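Novice: Listed here are the chains, written in short residue letters.
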Amino acid sequence: MNTMTKQPILVVGAGITGVSAALEAAETGCDVILVEREPAIGGRVLRNHNYFPKLCPPACGMEINTRRLERNSRVRVLTNTRVTEANAGADGWSVKLASAPAYVNDRCTGCGECAKVCPAKVPDPHNLGMNETTAIRSPHVDAWPTTYTLDRSACPADCKACVEACKYEAIDLNASAKDETVSASSVVVATGWHPYPLEKLTELGGGELKNVIANVNMERMVAPTGPTEGKILKPSNGEPPKKVAFVQCAGSRDVNHLPYCSAVCCLASLKQAIYVREQLPEAEVTIYYIDRRAPGRNEDVLTRVAEMDGVKLVKGKVGKIEQGQGDGLKLRLEDVEAGQIVETEADMVVLATGMVSNLVNGDLPMNLTKDEDNFGLDSLEQKVIVAGVARRPEDVAACVRDATGAAAKSVIAARRA
Amino acid sequence: MDKVGVFVCTGCEIKDAVKIDELEEAANEQNAAAFVTHECLCEPGGIAQIQKSIDDDGIDGVVIAACSHRMKQKEFTFDPTKVVVERVCLREQVAWSKKPDDEDTQMLAVDLLQMGLARIGKVKLSEPIKEEISDTVLVVGGGLTGLTAAKAAVDLGHPAVIIEKEDQLGGYLNDCKDVIPEHPPYDTVAANPIGQLIKDVQANEQIKVFTGARIIATKGQPGQFDVELQNGGAAQSVKVGAIVQATGARPYDASKLTHLGYGMSPNVITSHDLEKMITAGELICPGNGQIPNRIVFIQCAGSRDENHLKYCSSECCGTTLKQVASINRDFSDIECAVIYKDMRTPGQLEHFYQGVQESTHGMLTRGEVDKVEAHNNGAHVHLKDSLLGEDVTIETDLVVLAVGMVPNSADGHAIRELNDAKLRIIKNESETQVADATKLVESLKHHEGTEILNLDYRQGPDLPILKYDFPDSHYICFPYETRRTGIYAAGALHAPMDTPQAIEDAYGAVMKAVQCIESNARGEAVHPRAGDQSIADFFLQRCTQCKRCTEECPFGTLNEDAKGTPEYNTLRCRRCGICLGACPERIISFPEYTVDAVASMIKAFEVPEEEDEKPRIMAFLCENDALPALDEAAAKRIQWNPWIRIVPVRCLGAVNTVWIADSLSRGIDGIVLVGCKRGDDYQCHYIQGSELANTRMGNVQETLERLTLESERVKIVELARDEFHRVPQVLDEFAETIDECGPNPYKGF
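For the protein sequence lines, the chains are A and B, in the order given. Reading the first sequence from the start, the letters are residues 1 to 417 in our numbering. Reading the second sequence from the start, the letters are residues 1001 to 1749 in our numbering.
Be a bit skeptical, because a hint or two may be false.
For each label pair, taking beta carbons as the anchor points, the in silico distance ranges come out as [unchecked claim]:
1) Gln-1051/B <-> Asp-363/A: 35 to 43 Å
2) Lys-1052/B <-> Asn-105/A: 18 to 26 Å
3) Thr-1077/B <-> Glu-132/A: 35 to 43 Å
4) Asp-179/A <-> Glu-1205/B: 41 to 49 Å
5) Gly-129/A <-> Asp-1057/B: 47 to 55 Å
30 Å max Cα-Cα, derived DSBU-like pairs, lysine-lysine [as the list claims (entries may be wrong)]:
6) Lys-1074/B <-> Lys-6/A
7) Lys-1310/B <-> Lys-312/A
8) Lys-1310/B <-> Lys-1677/B
9) Lys-312/A <-> Lys-1371/B
10) Lys-96/A <-> Lys-1074/B
11) Lys-320/A <-> Lys-1341/B
12) Lys-315/A <-> Lys-1371/B
13) Lys-160/A <-> Lys-1015/B
14) Lys-1547/B <-> Lys-1715/B
15) Lys-200/A <-> Lys-330/A
16) Lys-200/A <-> Lys-121/A
17) Lys-1256/B <-> Lys-1165/B
If the Cβ cut is set under 8 Å, some of the chain B residues that face chain A in the computed set are [stated by the list, open to error]:
18) Gly-1011
19) Cys-1040
20) Met-1343
21) His-1351
22) Glu-1504
23) Asn-1624
24) His-1725
Hints were generated in silico from the structure; no laboratory data involved. Since this is a predicted model, take the numbers as computed values, not measurements. All C-beta atoms, glycine included, are put in the ideal place defined by N, C-alpha and C.
Same shape as in the complex, but just chain A (with noise of 0.2 Å):
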């Protein structure tokens, strides 16, 4: 057979686009490296409790990826490792990567003893800073690989009480960074997003208001492993919300933040509304929208929820919230149905923000191009392809399928003269 090609094709980013386009080229016998920024592959999805329309775990179908990649000597995996440069030559690319010192190495058998004497403590990443964790630890009870990550920035001056605690030589303190220049045939672009910055929607009360959460903090709090343990609590008092608020587009399908739509927060909401009433049966929800966006079979989780009760759905788009009584807060709105402008209340509100291309700061030295809200375009010619959100905001089906259509196109790119 005749599909592989003569170099391995590099993936960049490990999320579930980069994971799964990774998997389907090195199934098909190609050798690939993937590289990720973190200490542990997954990214933005299993910071998610559950995929919508199933309401199923990530976890679930990582385990598969996980168990795929773990068999396939034809994928190597770099964490902790960003792309520095990249140059094309005729017969592909010539690509510097530089990996973070491995202060934890392969020997870690996960055992945990130096996260039990870790005097430090920062925000933990993958919580999204909502709680603090220890300087050295597991990234997060599904992480892959299952070796421990430490964060050295935070270690006390002279502090070695995790090397003294290691049984298995897995810590040096003193490890140094490395870098490594290797060829690909073609790269595959799956850098993903992040969350439109809380910060940036002042008006919405983002950043300010204690009780505005956005939607991706919503996901962590619902997890059992998150910083409320799966608890849906108001950030001000630790107390459960009585009247959950969501307010659809917040950032997206606006000119003064983002003028394109998130494709995914219309779901996201949605299948929050129902955690929310799962764990908080009293508690009252509306979601305000512009419109109700769920293509496809999707149309499901929106039925589910517009039937369900305590669930109200609002045409209208939430232009201001402020501090109302106590520890409420005042949400001023158009109501399209009513025709008016109405100010209501609730006690917590979750700002559906939208997703932001990760290529938008250059972070990626490649020769891209991008179109206007700096989402990357496929190049057969140049021999990058450009696959999930990286490429345009959608769901994660549309990113698996996305991502099997991008292991096609390089392996294609490659194949080029």
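Chain A is already provided as a structure; the job is to place chain B on it using the hints.
Specialist: For chain B alone, coordinates are given in the frame of chain A:
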């Protein structure tokens, strides 16, 4: 395996929890050829010791008594053509989740080691198969998706064959002038790519095209499909390795939309009728031949409607915007109004929405259409619940219904039921049987003659469907997972989608087709056990033709001969083991997963006497969800009952009920199965495994009652992959139930 070595890791709290010398005694009793301990077995020194035993002492069975089999897999991999590895979990299941240095903990550790030794004694190395594989991809359907797929297959180095039922290639896009934009600029329509694509395909020597053709039969298995087709009266046959089904969708039958005026007035037309007029360059009201001054588009005509299609057809909002833009460009004096429930233009299509809104005379408004009535030469569209806040009536010359899409699928399962029922009528064995079958034929007769692939499969001639007639299974995590290995749905058949998505989907599906061919050539299984080189062995001399395996395989692997004996198609097989679970004669086995191997594990350890008051429980845990969740519980040092002996299984469907009988007859007090969720939103990775296990356990419980044993002694529990906190609870609660039931009366027999 013949020469087994035991390698015990004493690190990670194992030596504090367990007396290692007692493990050595147990290993010696089982005649292990080597017993090695190491304080960190996974580090290079430990691995070197194992390798040395393999090289110097000829050890071919390596029992690693250390951490969970999910940990350090790469480290503990040895030459798979020479060595079988068995992992005994002393860390998660013993040291991390039980009281250290305790009698029950010690018994558990010894039992687990004995179980591992028993299993490795019964398994053997896989012998990879090498078969002659066709590298050609068959594409069924010559529309945008199919043509893209065929071209991509060739670009991936594989020849392609296209079978198209119409006389020309191009499908739906032949009727279209413009398309929804795939690339920037997103704010306006894009040129239709179909003409160029057809030319490219026709010019490509690696692509063979059959138009006006249909498939008469698809025989064989992936890598070796023999496809017989007919075009014009001539029958031909092609040999292909994998199939991309891209049979597209058809518009929803507008004659069912009388409430929207269809059929009431010739000036109520569908979006497809309109598209043809735009392409022809002549836009008129069919009723009177006049050029319309105003057109009203009604969105969700038949979609998002409990009386019609419950799903959203995804492309109609974009298509209507496209048509408004085309009309504005080509017929400048026509006013367009669009009535929608929600304008659905996700992602960058939002720019398209904005662009069309700004550049055209379009009036886009939210509203629910109450009814449409013929009026003079045009129609009245009555709206309620509109943005204008009250009921309004819009007068228009032409109404366009944005009808949804219905996949051109065939329900393989239903067709098979229909055919089976017809056979029962012919057989005429009993009056009631014939009456039931006649009723069934009546209810299924709309499937008559709908076959597309005409697969020669016991379980039906086409892909099974999941919901809303889309052939699908794990549509979130594994959107190309298929219940017929080597056959992949793409385009509008796969899910409702627009043209840019169909192009992408074609690439995805063709990648899976090529991957299947390449995997077959290497003698490897495809997803989810990609790379598995084992195949099942059927000891057919003892087969009773009960047909359970042929019925229950989720992937249609098995055909039947005239007598009903299973015919195993190795290249369709996904190695899930559900056939092994189904077989009452226990004649199906995989080299590393056999009924006997698990039965030996059950028999490997000592069951304490009644007076010892130490109940024993077998727990069969699915390796995909339940077992990983248990590992996580252990990592958090959550404790659970030490009476439980865990056997990992490939799927709950791969649990043979004889293991339950074996357990009970040994005096084991209870049996619990923990696996993935079943039902409409199943999480079982083999689709039907949990469902089948549930049915089988129902039968087991009935048997228990007949034996005057409490039915509570056998339990099946479903849980999700993230419910690590629940697994220990489930096990503890079951242990309590068993304690209350009292000892198994068969103990000691």
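Novice: It remains to establish, for every hint, whether it holds in the given structure.
Specialist: Against the structure, the hints come out as follows:
1. Gln-1051/B <-> Asp-363/A: 35 to 43 Å: 42 Å, holds
2. Lys-1052/B <-> Asn-105/A: 18 to 26 Å: 23 Å, holds
3. Thr-1077/B <-> Glu-132/A: 35 to 43 Å: 37 Å, holds
4. Asp-179/A <-> Glu-1205/B: 41 to 49 Å: 46 Å, holds
5. Gly-129/A <-> Asp-1057/B: 47 to 55 Å: 53 Å, holds
6. Lys-1074/B <-> Lys-6/A: 25 Å, holds
7. Lys-1310/B <-> Lys-312/A: Holds: Lys-1310/B and Lys-312/A sit about 21 Å apart, inside 30 Å.
8. Lys-1310/B <-> Lys-1677/B: With a Cα-Cα distance of about 24 Å, the restraint between Lys-1310/B and Lys-1677/B holds, given a limit of 30 Å.
9. Lys-312/A <-> Lys-1371/B: 26 Å, holds
10. Lys-96/A <-> Lys-1074/B: With Cα atoms ~26 Å apart, Lys-96/A and Lys-1074/B stay inside 30 Å; holds.
11. Lys-320/A <-> Lys-1341/B: 25 Å, holds
12. Lys-315/A <-> Lys-1371/B: It holds: about 23 Å lies between the C-alpha atoms, which stays within 30 Å.
13. Lys-160/A <-> Lys-1015/B: Between Lys-160/A and Lys-1015/B the Cα gap is close to 26 Å, so the pair holds against 30 Å.
14. Lys-1547/B <-> Lys-1715/B: Holds, because 26 Å separates the two Cα atoms, which is no more than 30 Å.
15. Lys-200/A <-> Lys-330/A: 19 Å, holds
16. Lys-200/A <-> Lys-121/A: 28 Å, holds
17. Lys-1256/B <-> Lys-1165/B: The hint holds at about 26 Å.
18. Gly-1011: Nearest chain A Cβ about 7 Å off; hint holds.
19. Cys-1040: 5 Å, holds
20. Met-1343: 5 Å, holds
21. His-1351: 7 Å, holds
22. Glu-1504: OK, holds: Glu-1504/B within 8 Å of chain A, min 5 Å.
23. Asn-1624: Check passed: Cβ of Asn-1624/B comes within 6 Å of chain A, closer than 8 Å.
24. His-1725: Hint holds; His-1725/B Cβ to chain A Cβ min 6 Å, cut 8 Å.
Hint compliance for this structure: no hint is broken.
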